[in-house]
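Asker: Knowing the structure of chain A, use the given hints to seat chain B on it.
From first to last, the protein sequence lines are chains A and B. Be aware that the first sequence starts at 3, since it is given in our numbering, and climbs by one per residue. Be aware that the second sequence starts at 106, since it is given in our numbering, and climbs by one per residue.
Derived from the structure by calculation, the hints contain no laboratory data. Any given hint could be a false lead.
With a straight-line cut-off of 20 Å between C-alpha atoms, the simulated DMTMM-like cross-links for lysine to aspartate or glutamate are [claimed, not checked]: (1) A:Lys257 <-> B:Asp118; (2) A:Lys24 <-> B:Asp145; (3) A:Lys181 <-> A:Asp98; (4) B:Lys163 <-> A:Glu295; (5) A:Lys95 <-> A:Asp63; (6) B:Lys156 <-> A:Asp63; (7) B:Lys180 <-> A:Asp98; (8) A:Lys257 <-> B:Asp145; (9) B:Lys180 <-> A:Asp292.
Which stretches of chain A does chain B cover? Using the computed rule of at least three CB atoms under 8 Å from a CB of chain B, they are [to be verified]: (10) 17-25; (11) 272-280; (12) 290-298; (13) 315-322; (14) 330-340.
Owing to the predicted nature of the structure, the values given are computational and were not obtained by experimental measurement. The C-beta atom is built at its ideal place from N, Cα and C for all residues, glycine as well.
Residues per chain are reported as follows:
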Amino acid sequence: MEAAVQSMVLLKNEGGLLPLAKGAKLAILGPHFNSTQDLLSDYSPGHWWAHSPLMAAQALDKAGEISLVGGAQGCTLEGTNTSGIAAAVALAKAADVAVIFVGLTRTCCRSRVGASARAAACSDARALASANKDPTNSGTPPVVATGSALESEGHDRTDIDLQGQQTALINAVLAVNKKIIVVLIHGGALDVSNVVAPAILDAHYPGQLGGDAVLRTLLNMHKAAPAGRLTTTTYQQSFTQRPMSDMSMANITYKHYTGAPVYPFGYGLSYSTWTVQWHNSSQHRRVSIDSMERAHSEYFAAVASGRDGWRSPAAYSATITNTGGVTSDYVLLGFVSSPQRRLSDPLEPVLLNFPGCEFLK
Amino acid sequence: MPFIRPQIRELFDFARVSLAPNASATVHLSLPASVLSHVDRYGDERLLAGKYKVRTHKLPQAANSVSKSLMLILK
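The following block holds chain A by itself, in its conformation from the complex (with noise of 0.2 Å):
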């Protein structure tokens, strides 16, 4: 839980709608609104307990945190169907706060041993929900996958926007309320530029507890404020024109990308607000090489020894204040950039030099 509550990213929060008032009348929407196992980051075996966001919410309600109007799919992550979106478009109507879980799924039909962990993952669903006794929750079985949603091993994206009628769920549920929560179930990169909702938590797969992960950070219930930063770059649609075979460094990552990315490497907002200061009293720091190198050493003894408090003679201190109203977290991140701005990849010639390897130019 507590991992799963420290990676919550929160990208969008407009008009300070989050975090959500104790009592928020709740829906629960979305093709995730109920994923157990598409919860789970890819490679894990399935889990034979975890809680999806509808069941997280049945517990809040049953606590008094949240008032659950009650949980619909509206639509899966793939396809034309829109028939399932006007059932979540009435919840929505009937609560304050809409919630809306899409993105991406890792788990794939077609494979074996993801249809065993999918009967496994509905079973479970099934029995919970009926050990909740709650007539809402049937099982709805996780999202069948098979095109541009589905990330993993052997199938690689070319479109990297919401997939099927996600964005038609999303634009149908703020015709009718304005007060929407878009969180994003995902591993791989999602351009959500298009998505116009006031607030957007990125989850990524958040684990088993992850349903109550991201609840408890909408609800900043037990000091849950989010404070995750971006882990890549979230590039535009148009990026994936790139071939996938330029294996240039030139514009790629977030140590070389000049265009504007949707969210850039280490983005992340607060609930709170706050002042960075460096101590550094003079701008300018002379560090000899020597010194550098010296230290090299020593700074691989100390990883290795798994041991604190290693400092490089490059050592930059700053005082963090929280400004604002909430008790958060803070992560402060350190760039260094290069003498020069000119992009060049010093080992591509050399490569390319090799005798017998013409066939590369």
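Answerer: Chain B in isolation, oriented as in the chain A frame:
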């Protein structure tokens, strides 16, 4: 032969703190040589003399945070 480091920027360290309203904490970021060093065409790892910019991220909600970057001069 002139040598050009390819990175536009690179994350060298981070720190995470938990703070109540109005509370402050001091954090330390360490810039290891391995982030600055580069393997040249002969396979040797080298530190290159020059100016390096050190800064934090830019975030809308840390608008008051340090906007100025620091300069590390390696020689």
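Asker: With reference to the structure, classify each hint as holding or not holding.
Answerer: Going through the hints against the structure:
no. : hint                  : verdict
1   : A:Lys257 <-> B:Asp118 : holds (14 Å)
2   : A:Lys24 <-> B:Asp145  : violated (58 Å)
3   : A:Lys181 <-> A:Asp98  : holds (7 Å)
4   : B:Lys163 <-> A:Glu295 : violated (30 Å)
5   : A:Lys95 <-> A:Asp63   : holds (18 Å)
6   : B:Lys156 <-> A:Asp63  : violated (57 Å)
7   : B:Lys180 <-> A:Asp98  : violated (61 Å)
8   : A:Lys257 <-> B:Asp145 : holds (19 Å)
9   : B:Lys180 <-> A:Asp292 : holds (9 Å)
10  : 17-25                 : violated (count 0)
11  : 272-280               : holds (count 8)
12  : 290-298               : holds (count 6)
13  : 315-322               : holds (count 7)
14  : 330-340               : holds (count 11)
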